[in-house]
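S.K.: The residues making up each chain are set out below.
2 protein chains.
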Amino acid sequence: MQRPSDYQSFNQRLQGCATLIERRLDEWLTAPEKGEAVPGRLNEAMRYAVLGGGKRLRPFLVLESARLCCLPDEAALNVGAALECIHCYSLVHDDLPAMDDDDLRRGRPTVHKAFDEATAILAGDALLTLAFEILADPETHPDPGVRSALSLELARSAGRAGMAGGQMLDFRAPGANLSETEILRLQSMKTGSLICFACEAGAILACAETARRNALVAYGGALGLAFQLADDLLDAEGDAALVGKAVAKDHGAGKATLVSLIGADAARTRLSQLEAQACDALAPFGDAAATLIAAAHFVANRKH
Amino acid sequence: MQRPSDYQSFNQRLQGCATLIERRLDEWLTAPEKGEAVPGRLNEAMRYAVLGGGKRLRPFLVLESARLCCLPDEAALNVGAALECIHCYSLVHDDLPAMDDDDLRRGRPTVHKAFDEATAILAGDALLTLAFEILADPETHPDPGVRSALSLELARSAGRAGMAGGQMLDFRAPGANLSETEILRLQSMKTGSLICFACEAGAILACAETARRNALVAYGGALGLAFQLADDLLDAEGDAALVGKAVAKDHGAGKATLVSLIGADAARTRLSQLEAQACDALAPFGDAAATLIAAAHFVANRKH
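Chains P and C, in that order, give the protein sequences. Per the numbering used here, residue 1 is the first one in the first sequence, and the count goes up by one each step. Per the numbering used here, residue 1001 is the first one in the second sequence, and the count goes up by one each step.
Chain P extracted, bound-state conformation (with noise of 0.2 Å):
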């Protein structure tokens, strides 16, 4: 059971988060003085697809599981940043008119919409490739030997057997009467990796013994399935101005969730059980894991 102490706590901790993952994305992205590479248009593109807004849930859990591992948050920053320029830019390219033609995001014209179709393909291709500039880069950790690990799992997490593989499985489910095995492995590819890869993300930057990774790794694997979840039954009951942005799609365009497949009620009964899961995978941790545990109590529960 959560005390209100740990949860209050997370709350402060995950807004405190979002507060350092905005300035380091900030500082990557300044705009460019004029004469400078980056094109104006382009960097205003990125940035307005990746800054001011967001729970920067990826990030924390980067910066929570290094912190696990005894390492401070600014070893982790640059990792957190990086992930987030890859979430961002999925969810650029996912709103395209191509994909899942969305006009809103976040309360805010979509990047297509404010900008332009190709400014969106662009911005997100740049910023796809500016997570990797970020992992390669020397600051980001002294051992170069970390920065290949990171970068090998981001792309591993990001590519065709993940992220963007199940992207495009989502694309092609509509009507394609997924059993639950291919539900849950759709959605551990195209919400599951990323997160997971966060999770991980802090045993890699601190070197962490294999039973400290693998626990890390078993605790984002039950978050990542916990969230995407979440996200259906919000999706299929949630309040379009709590969640800003368009409910009730996926269902209308016809879009496997488990939600569809065994009912609410049995969806958030296996919710529950996903959130036990993650928390019991952060035994080794002992105490120190409380604000990962609040995480997963967040991440189940959340409403928006």
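Quick caveat, the hints were computed from the structure, so don't treat them as lab data. In this text the structure is predicted, and so the values were computed from the model without any measurement. It is possible that part of the hints are untrue.
[Unchecked claim] Non-contacting residues of chain P with respect to chain C, defined by C-beta distances greater than 12 Å in every case (computed): (1) S9; (2) G53; (3) E74; (4) S90; (5) D100; (6) L127; (7) Q273; (8) R302.
[To be verified] Computed from the model, here is a short list of chain C residues facing chain P with C-beta under 8 Å: (9) L1091; (10) H1093; (11) L1096; (12) A1098; (13) E1117; (14) L1122; (15) D1125; (16) T1129; (17) G1145; (18) L1152; (19) R1156; (20) A1158; (21) R1160; (22) L1169; (23) R1213; (24) N1214.
Ideal Cβ placement from N, Cα and C applies to all residues, glycine included.
Please build the complex by placing chain C on the supplied structure of chain P, with the hints as guidance.
M.R.: Just chain C, lined up with the frame of chain P:
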């Protein structure tokens, strides 16, 4: 003056490299077995975008620059394959309706025509991500410092201040009345930066001394500008059947090229100067640079 025998051996070498690279790309994109992680349609679109065509000039430059620094082809193949993934992703996204809206590429339907737009966007994203997966793979180089340096340089060359930034400038160029300086900046970002990376990559892989690395960078810089100038001349005067894509397209779209600004004759003179500049840069390598010198001649005089 180029001797015929050098040119002949250059052609054999270019074709030999293309075969090696095709094979390596095929290995990275082997069709997934049933139950494996990469969605079949995504893998198919990635293979369609990457395999079965193209001169593989960029990977050739990687292999040749590595060879000049005494590394065998095998040691450079992964970097060549990664670079080709970047090049091909940029073509897939560039051909999209919201960008250049091209139906034909290398004489075949473009990816969004052969598949669909969403698949083309995702296949491009997945190829871009795969490039960094390949560079971070321990098989690419045993020293993670080298892998990390390659990732950093490729990300800078392909990203907001390199290729993607150049595409953004190009997209915004019609009607913008760019000056010669602005056109050169656009072209050195859009086309030059990847070609320059290709030439530098061999030196990075071989941990070559600074003077040799700088010589290859200078060669790559001149070669990249020559490549784009030759492309513009082909676009203005070429034969669609030979070029394998729609010609007179840039001119028709009012895109800024040096050819439209200074005229074809002056452009041809400039092209000869760039070829000479590229060759001069290779002086430190002596006779060993014969193939790269032939490559400069090929780039400046190609008919398709």
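S.K.: Taking the hints in turn, state whether each one holds.
M.R.: Do the hints match the structure? See the list:
With a cut of 12 Å on Cβ distances, S9/P stays outside the contact zone with chain C, its closest approach being about 36 Å. In this structure G53/P is separated from chain C by more than 12 Å, as the shortest Cβ-Cβ distance comes to about 20 Å. Every CB of chain C lies more than 12 Å from the CB of E74/P, the least distance being 20 Å, so the non-interface label holds. The claim that S90/P is not at the interface with chain C is violated, since a C-beta of that chain comes within 12 Å of its own (minimum 8 Å).
Against chain C, the non-interface label of D100/P is violated: not every CB pair exceeds 12 Å, the least being about 9 Å. The beta carbon of L127/P is not kept farther than 12 Å from every beta carbon of chain C, the shortest such distance being approximately 9 Å. Under the 12 Å C-beta cut-off, the non-interface status given to Q273/P relative to chain C holds; the minimum distance is some 25 Å. With a least CB separation of 27 Å from chain C, R302/P remains clear of the 12 Å interface cut-off, as annotated.
Checking L1091/C against chain P: minimum C-beta separation of about 12 Å lies over 8 Å; hint violated. A hinted interface residue such as H1093/C counts as satisfied when its beta carbon comes closer than 8 Å to some beta carbon of chain P; here the least separation is about 6 Å, so the hint holds. For L1096/C, the suggested interface contact is upheld, since its CB lies about 7 Å from the closest CB of chain P, less than 8 Å. The restraint placing A1098/C at the interface with chain P holds, with a minimum CB-CB distance near 3 Å, inside the 8 Å limit.
Of the supplied interface hints, the one on E1117/C holds, with its beta-carbon coming within about 3 Å of a beta-carbon of chain P, less than 8 Å. The closest approach between the C-beta of L1122/C and any C-beta of chain P is roughly 5 Å, which is under the 8 Å cut-off, so the hint is satisfied. Against a cut-off of 8 Å between C-beta atoms, the interface hint on D1125/C holds, since the closest Cβ of chain P lies about 5 Å away. Taken as an interface hint, T1129/C checks out: its beta carbon lies about 4 Å from the nearest beta carbon of chain P, inside 8 Å.
Because the closest C-beta pair between G1145/C and chain P is about 4 Å apart, less than 8 Å, the hint holds. Residue-level restraint check for L1152/C holds (minimum Cβ-Cβ distance to chain P is 4 Å; threshold 8 Å). Interface restraint check for R1156/C: the shortest CB-CB distance to chain P comes to about 6 Å, inside 8 Å, so the restraint holds. With a cut of 8 Å, the hint placing A1158/C at the interface with chain P holds, because the nearest CB-to-CB distance is about 5 Å.
Hint on R1160/C holds. Least Cβ distance to chain P is approximately 4 Å, under the 8 Å limit. This hint holds: L1169/C has a C-beta 5 Å from the nearest C-beta of chain P, less than the 8 Å allowed. Proximity of R1213/C to chain P is violated relative to the hint, the smallest CB-CB distance being about 17 Å (cut-off 8 Å). At about 20 Å, the closest approach between the beta carbon of N1214/C and any beta carbon in chain P exceeds 8 Å, and the interface hint on this residue is violated.
In this structure, the hints that do not hold are numbers 4, 5, 6, 9, 23 and 24, in rising order.
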